[in-house]
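Engineer: Using the sequences plus the hints, can you model the full thing?
Protein chains in written order, with UniProt numbering: chain X, 1 to 165; chain U, 1 to 130.
I should point out that these hints are in silico values taken from the structure, not numbers from a laboratory. C-beta: ideal position from N, C-alpha, C; glycine also. Take the hints with a grain of salt, since some may be wrong.
To be verified - Residues on chain U that point at chain X, a partial pick, calculated with CB under 8 Å:
no. : residue
1   : Thr9
2   : Ala24
3   : Leu25
4   : Tyr43
5   : Ala47
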Amino acid sequence: MTQDDSATLTPGENVPPGENVTLGENVTLGERTRGPVTRVQIARYAGAVGDFNPVHVDDEFARASGLPSVIAHGPLTVTLALDAVVEQLGPQALRSAKARLSAPVFPGDELTVVPTADGVEVRKADGTVAATVRLETVNPETVNPETVNPETGQPATAPEAAGTR
Amino acid sequence: MDESAKGRTLVEDDLTVSPDVLAALARAVGSPAGTATATLVPYFGAAVGGESTAVDGLDLDLSRALLAGIDYDWRRPFAPGERVHVRVTVEDVFRKGANQFGLLAAEFTDAAGDLVQRQTVTFIERGSSK
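Structural biologist: Structure (structure tokens):
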């Protein structure tokens, strides 16, 4: 689908399945899938950010808390939503995100990141909205390519490393 | 949740944006864009300084606490290996109906003192009596 085929929505308007949505000038998002989320993925995220709350890594604890199993970290769900955006716009295009979590994500959940009028929604297979993310972006074409490594999307000249924490 | 915690600094520290941590996060994301995505969200503000930062800082009752949301403001992605200064503060604690809300703010600045990222993490404690 070309950008000319994309829809411009007003807040609250439903997005037709598979439709691209224009968020702003030259900023168009399409639907992407992530997952299914796995226990290994949750454990890897826990290790990366240092959040080992047992509700994410201990099934027995999670069941004692009334859940059917461990749940993904909310920030992991948001990260997967942002990843779907980064895939399309690159990291330099993002200025802000306001994420609201509305349902837990369990191992096995396949997530669909659906564009909305002002960002994206993360939907589970049954249609439940797990997270809503309002986005503020800049036109990716205005990002100076000379300052960005095209493979990583990071600043081309990184400050020197100064050891590890 | 401790309403007197408002304004308290929970963590103030210098960190190196470890390439190993970025790589670990990219593996967790598990997509081709993961490496770039990791440079936007390598830290969870509530866990900077240890997994008990938010629990102790807000006096959260984990049996009734939920993570309700997280906001990011970016000036740019983090660069692997760069040195940043982080400050995590309790931005607000307030009651609304039967629930309490706690907001943590995490600000990351670079060696020049320029803001790289600001996060706001919102917790809800349901039916709080504290």
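Engineer: Does Leu25(U) hold up as a contact with chain X if the rule is Cβ-Cβ below 8 Å?
Structural biologist: Status holds, d = 4 Å.
Engineer: Using the nearest Cβ pair, does Thr9(U) come within less than 8 Å of chain X?
Structural biologist: violated, 19 Å
Engineer: Against chain X, with CB atoms and a cut of 8 Å, does the hint on Ala24(U) hold up?
Structural biologist: holds, 4 Å
Engineer: Mind checking the CB of Ala47(U) against every CB in chain X and telling me if the closest is under 8 Å?
Structural biologist: holds, 4 Å
Engineer: Mind checking the CB of Tyr43(U) against every CB in chain X and telling me if the closest is under 8 Å?
Structural biologist: holds, 7 Å
Going through the hint list in order, the structure does not satisfy hint 1, though it satisfies all others.
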